[in-house]
Each structure stands twice: as C-alpha cells, then as structure tokens.
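K.L.:
So the protein lines, in turn, are chains A and B. When we follow our numbering, the leftmost residue of the first sequence carries the number 4, and every step to the right adds one. When we follow our numbering, the leftmost residue of the second sequence carries the number -14, and every step to the right adds one.
If you're looking for bench data, these hints aren't it; they were derived computationally from the structure. Glycine included, every Cβ here is placed at the ideal spot set by N, Cα and C. Just to be clear, a hint being listed does not mean it is correct.
Derived lysine-lysine pairs resembling PhoX-like cross-links, with alpha carbons at most 20 Å apart [unchecked claim]: (1) Lys417/A x Lys21/A; (2) Lys117/A x Lys102/B; (3) Lys386/A x Lys402/A; (4) Lys93/A x Lys(-10)/B; (5) Lys61/B x Lys92/B; (6) Lys427/A x Lys417/A.
Computed footprint of chain A on chain B; a stretch qualifies when at least three of its residues, placed anywhere within it, have a C-beta under 8 Å from a C-beta of chain A [as the list claims (entries may be wrong)]: (7) 86 to 92; (8) 178 to 188.
FRET-style restraints, in silico, Cβ to Cβ [stated by the list, open to error]: (9) Gln165/B x Asp405/A: 51 to 61 Å; (10) Asp108/B x Ala70/A: 30 to 40 Å; (11) Ala79/B x Arg173/A: 17 to 27 Å; (12) Asp190/A x Ala103/B: 22 to 32 Å; (13) Asp108/B x Gln196/A: 16 to 26 Å.
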Amino acid sequence: MNSQARIPAVELSSRDLKHNAHNALGDAQLRSNMRKAMDSLMAKRLAAMPDEYEREHLREMGNHVRARALSRLPELLERLEANLTRNGVKVHWAETVDEANAIVLQIAEAHRAKQVIKGKSMVSEEMEMNHFLEGHGIEALESDMGEYIIQLDHEKPTHIIMPAIHKNARQVAHLFHDTLGEPYTEDVDQLIQTGRRVLRQKFFEADIGVSGVNFAVAETGTLLLVENEGNGRMSTTVPPVHIAVTGIEKVVENLRDVVPLLSLLTRSALGQGITTYVNLISGPRQADELDGPQEVHLVLLDNGRSQAFADGELRQTLNCIRCGACMNHCPVYTRIGGQAYGTVYPGPIGKIISPHLMGLENTPDHPSASSLCGACGEVCPVKIPIPSLLRRLREENIKKPDAPNPVMRGQGSKYSPRERLLWKGWRLLNTSPWLYRTFGFFATRLRGLTPGSLGPWTQNHSAPKPAARSLHELAREHLEDK
Amino acid sequence: MMSAKANILAKLRKSLEGTQPIADDYDVALVTRPWSYPAEERIPRLRQLMEAVHTETHLTTTADWPALLEKLLADKQLPSLLIAPATAHGAQLAAHFAGREGLPRLKAYDRPVEEWKAELFDDTPASLTGTLGAIAATGSLILWPTREEPRLMSLVPPVHFALLKASEIHDNFLEVQQKQQWAAGMPTNALLVSGPSKTADIEQVLAYGAHGPKDLIVLILEDA
Chain A
4 MNSQARIPAV
14 ELSSRDLKHN
24 AHNALGDAQL
34 RSNMRKAMDS
44 LMAKRLAAMP
54 DEYEREHLRE
64 MGNHVRARAL
74 SRLPELLERL
84 EANLTRNGVK
94 VHWAETVDEA
104 NAIVLQIAEA
114 HRAKQVIKGK
124 SMVSEEMEMN
134 HFLEGHGIEA
144 LESDMGEYII
154 QLDHEKPTHI
164 IMPAIHKNAR
174 QVAHLFHDTL
184 GEPYTEDVDQ
194 LIQTGRRVLR
204 QKFFEADIGV
214 SGVNFAVAET
224 GTLLLVENEG
234 NGRMSTTVPP
244 VHIAVTGIEK
254 VVENLRDVVP
264 LLSLLTRSAL
274 GQGITTYVNL
284 ISGPRQADEL
294 DGPQEVHLVL
304 LDNGRSQAFA
314 DGELRQTLNC
324 IRCGACMNHC
334 PVYTRIGGQA
344 YGTVYPGPIG
354 KIISPHLMGL
364 ENTPDHPSAS
374 SLCGACGEVC
384 PVKIPIPSLL
394 RRLREENIKK
404 PDAPNPVMRG
414 QGSKYSPRER
424 LLWKGWRLLN
434 TSPWLYRTFG
444 FFATRLRGLT
454 PGSLGPWTQN
464 HSAPKPAARS
474 LHELAREHLE
484 DK
Chain B
-14 MMSAKANILA
-4 KLRKSLEGTQ
6 PIADDYDVAL
16 VTRPWSYPAE
26 ERIPRLRQLM
36 EAVHTETHLT
46 TTADWPALLE
56 KLLADKQLPS
66 LLIAPATAHG
76 AQLAAHFAGR
86 EGLPRLKAYD
96 RPVEEWKAEL
106 FDDTPASLTG
116 TLGAIAATGS
126 LILWPTREEP
136 RLMSLVPPVH
146 FALLKASEIH
156 DNFLEVQQKQ
166 QWAAGMPTNA
176 LLVSGPSKTA
186 DIEQVLAYGA
196 HGPKDLIVLI
206 LEDA
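Turn these sequences into a full structure, and let the hints guide you.
P.N.:
Written as structure tokens, this is what we have:
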C-alpha cells in the first residue's frame, strides 16, 4: 500500500536529548498543544479522584498488588503460561526484541499473512514491529486513531496513552487531506469517521491482529485489555489469528487484583471511572463458537526488564501500569513533548525504564533531565518513587565505566574524572573549617575576579558573585559590637 | 543453548534469592465500600453514568420490551436487526415480530463468521444482545459472548441494543467477580461495555463512533 510505504521516519535519537529538547522548546505550536493537553489531563485525573482518603489508600493498595506480583514473578509467569496453555493459547518467550519479532514473523509466515492490524501496544513499539514486518513484505497498520495518525505521518508516539497529542485538528486535517486524499475538514467528528471507514476495511481484510496487554492474570490465564475506541476488540476478535505481545512484568496473581489496578489505571490516565471497553481474553474460538480468532498467541518479552528486576530498588520500575500520569504532570515533558526523548517511553517513567531497555550509554542524559520536583512520584498510581530512582540512575551513570558488578548496562556513561575531582575538592572545602574560612576570605576579597561566564549556567542566568563580606564575618562583627 | 524461557526464569529466580514472597493483604473494603449503593440507587446511577457517555437507556418490562424495541427501530429507521434466535430474548423478539408485515428484518447469527463476514460488516446496521448484568459503580454492562450470541454481535453493527435485568445490576466489579464466580471459569471472552465506542485522540475532542458501535441503547427490565 503506497501511503504506508516507509520513507525513513524522522527519528530523534535518544543520545541527543539536550539538542532535541532545545529544538522542541522553540516550537511554539508544540508548546501550546502540549500545555493545553496536559492541563486538561491533570484536571480530569483530579476530578476522577476527588476523595483523598480513597485515592491515597488505593495507590498504596496498587503498590502492594504490583509488589506482591513481582515478589513471585517467576512462579506467576509459569502459572500464567500453564493456564493460558490449558485454555488453548500458545505462549512464547523472548529475551530480546529480535527474538520477539522472529516469533511474530514465524506465526505470520505459517499463515501466509500479508496484512496485520494492530491495537495499541507499546511493546510492539519497543520491537519496532511495523518496520520489521514491512521489511518482510507484511503490511502492519495501526488502528488506534492516534497511532494511525502518527503512522500516516511517519512519526513516533509522543505519549503512551495519547500518541498524537502533539498534533491539533488542523494538522490532522492537512495530513488526511494530503495522504488519504480526503476533502479538507477540521471537524473532529468527520476526521474520526474517515479513520473509521478506512480502518474498518482493514479489520475486515487483516490476516492477523496484534495487541498489547494491560494485565495478564495468572490465576485464570486471562489477558485484560482496556480501550475506548473498539479497535482493540476488533484487532483481537475479527482476524483469524491474534498475537498479544507484552512485557514479563505485566502479570498479576489473581483476577481480583485487577479491580484496584483497573480503577487506578483509567482514572489516572484519562480521568475516566472506566474505559468504554474492558476486554478479558482467556482463549481462542472454541469448536462450537461462531467467531473469535482460531489461534491466540502471547509473546512474553524481557528486553532489559530482568536487569531492572535484579536490583531491589530498581525493581520498583516494573510496578508501572502505563497510565501516563507521570508524563501529564511533568514540567519537563509538558514543555518538550514526547518525541524529544528519542525513546519509546517518554517522560518520567521513560527516564527510569529506557536505560534498562536501551542501556545508559544510549540514554546518557535521561536521568538528569528532571528538576526532581517530585510530581511524578506523587501522582503515580502504584507509587513508584520515580525521583529516587532518577537519583539512583544518576549515581549509576557516574560510576567508573569499568567498576565491578555493574547493575546497569552502560553504567558510567557520564563518568568524568574532572567532575569527580571537583566534587572531591568541594567536599574537602566544606568539611575542613580552616580551608573553608580561608576560601571564604579570598572568595569575598577577590570577588572582582569572578568569571562572567560559567558554562551552561550563564546561558540563562546571571553569573553568581560572592558578597563583599561573608555571613560568618558579618555575624562575628555584629556579636563583637554588642 | 538454554531456551529464552529458561534464561528469563533463571535470571528472575536468581534475583529473588533470599527474599520472601510478599503476603496478600488485599483490602476488600477499600474496593467495595466506596462503591456500594442502596438498591433503589443502582438503576439511577447506572443510567446517569452511561448517559453521560452518550448511552441511551430506557426503562421497560419483560413483557413490553419487544414493542419498545420495535418503536426504537422505527424511530431510528433501522432496516434490519441481528438477533440470537437460540436465546430466550431472541426467541421472544422473533415471536413478537412473527407473521407481521412492514417490520425491520430479523437476521440470525447462526453460522460461522467466515460464511457471512461481508454481510456482517456492510449490511448489518444493528444488533440485540442480552447481558450478564451490570455494574453500578462504573456504569458498565457485563457481556459474556456465547456460541448462541457470539463476540462480534456487540461490536461490528453500528447500533447495539442490550437487554439488562434490573435485578442483575451489581454494585462493583469485585462483587460481580465473587457472585458470578469469575475466577472459577472464564469464558473465551468476557467484556465490560460502558458506552458506545469513542475517542479523544485528536486534540482531546471527544468523538463517538470510533471503531465499535456508534450507538448503545440499553433496555432495562425493571421487573426482571
């Protein structure tokens, strides 16, 4: 299909975060689209969680449910596989995205599939599944309206829940006009109906449906998916084959565990008490049933998650239920948008999960791209201490690259002997009273020699200049006068 | 060479060495008490929540709903309706329509989807299904598609009529799971449906009729 033929997408590299952020900050349209969207999402969340007691206790419960699942993760994954297998679902395991793609391709080839329709799946973004399948002559089309829009524009999602939130209706109108040959309209209803019409035909034709998973229930062997559009149900029900792809951390122990998590997820994400559809899939079409996929597959992907799991503190990263609330409340994300990060997961959660998926060497500036204001940690529905984890990653990032027992792939990507020496000097200065007083004396007397330019600091701030007399001196004089 | 599964599980197990599983301290009260309602409030709450997201709801009775549905089909100028004739409600509606002229055509979902997929997608404007009840807390219908009433009935036709017995409106999701013993045996597909399909993916402007039904009409049987 011509409109989907891949021209190289404009992809921003995760190694250029500072540069990308600088450019994004200068994009007035992006700034205004993002500000408007994030303000609205924050207000909606709060309106859906007005009772502080309920909200805070439910967050605590969400944390416990996730922590309990992770505390017995290997056992639950095996139980999930056993129950899904009993239900007729085929379970596959992949350590890397390459392995996961190979599994999907093998299934596609077994069915001579030419068209794949996709419900929303961030793990498939990790795999760059669309690009991979198209390289093998298989069309992979996104069916979530937002994902469809950015796929048409050869972009990457800017938000994990609202992938096209950086675009306004006028931009979508131009896109549909230019790529689909539709009459130009900025009417959102009409734009959505265009998407519905095009994609309905694709659901009809598709050989395989691909989806993500919100929660995988070990107890019953059930894959739970939430959505508003119905494209998830279409993707998982209409095509003869359904492939679900998910991370190994998505498992929960019992069916009842999804009750608090579901409530936290939809309210934190969009301020909705529940999504239009909650889709619980426990098996393929049975012999006497008239519809549903003949085959259901689940691909369980590691891709760096076991690295986060290995460390008791960093393991909390895997509590995440992918609601996006941390992004919506992040002053950095709101200003630079999602694409500047150059990672599949942007914003605060992206800054703590991406280094595990891609290595610190590929995300060197991510742990530092935060003011540590703490908003992300305060709104996280499963209480991931994101600011503490950012600080922890900063430490891992300045270790000597060859320090023994590395916790992170790419540790020490920001290691600098000069910076380390400076901090050592700073510590000495501040822990020795004699040195401190001497430094204070000269710093105040020689204040005229303070440099006017101090690297990045003075790009946006005036240079600091010591006072004529130190506070210590003034205090001492004051007491002597008395 | 070890398999991916063996490698992953071995890594996870090693990481957990010397730790104990966290005990299950599930707080039933926290997910039920704020979401419990006196019996007389359940229907109004359900209607209010569902109507807020563009669902149409009607109060009717076991005897009267076929006539109401007939009127709604006429008002909406729907030429045909997909039903599940093997269900009690499907049979009741078929009996109501039997031998009468000028009514919308009743179509039966009685063969595998492959045999009539194009007709289902292109020429099936509306459907009628039952429900397994509803959840007052969130304004959600519970659907467990069956052989008689398959999955796509509530998804592909642009207009979906759903029958709901008032006595089967429960307070919250946990209560439903417990009373209906979900964990003891899940169907191949279970659904909570809380309105017609919608999206806010363009500039957060809410638009209905994304990929699923554009209209959801719930007939609540007060005496059932």
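K.L.:
Are the hints correct? Go through all of them and say.
P.N.:
We went through each hint and held it up to the structure:
For the proposed pair Lys417/A and Lys21/A, the alpha carbon gap of about 14 Å is at most 20 Å, so the pair holds. The hinted pair formed by Lys117/A and Lys102/B meets the criterion: a straight-line CA distance of about 19 Å does not exceed 20 Å. At most 20 Å may separate the alpha-carbon atoms for a hinted pair to count; Lys386/A and Lys402/A exceed this at roughly 27 Å. This hinted pair checks out: Lys93/A and Lys(-10)/B have alpha carbons roughly 14 Å apart, not beyond 20 Å.
The hinted pair formed by Lys61/B and Lys92/B meets the criterion: a straight-line CA distance of about 17 Å does not exceed 20 Å. With a CA separation close to 17 Å, the supplied pair Lys427/A and Lys417/A stays within the 20 Å bound. Residues of the stretch 86 to 92 of chain B with a Cβ under 8 Å from some Cβ of chain A number 0, which does not satisfy the need for three, so the listed coverage is violated. Only residues whose beta carbon comes within less than 8 Å of a beta carbon in chain A count, and the stretch 178 to 188 of chain B has 11; three or more means the coverage holds.
Distance hint check for Gln165/B and Asp405/A: the Cβ-Cβ separation is about 59 Å, which falls inside the suggested range of 51 to 61 Å. For the hinted restraint 30 to 40 Å between Asp108/B and Ala70/A, the CB-CB distance of approximately 52 Å leaves it violated. As the Cβ distance of Ala79/B to Arg173/A is approximately 50 Å, the hint placing it in 17 to 27 Å is violated. In this structure, Asp190/A and Ala103/B meet the distance hint of 22 to 32 Å, their C-beta atoms being roughly 30 Å apart.
Separation of Asp108/B from Gln196/A is about 19 Å and conforms to the stated range, judged on CB atoms against 16 to 26 Å.
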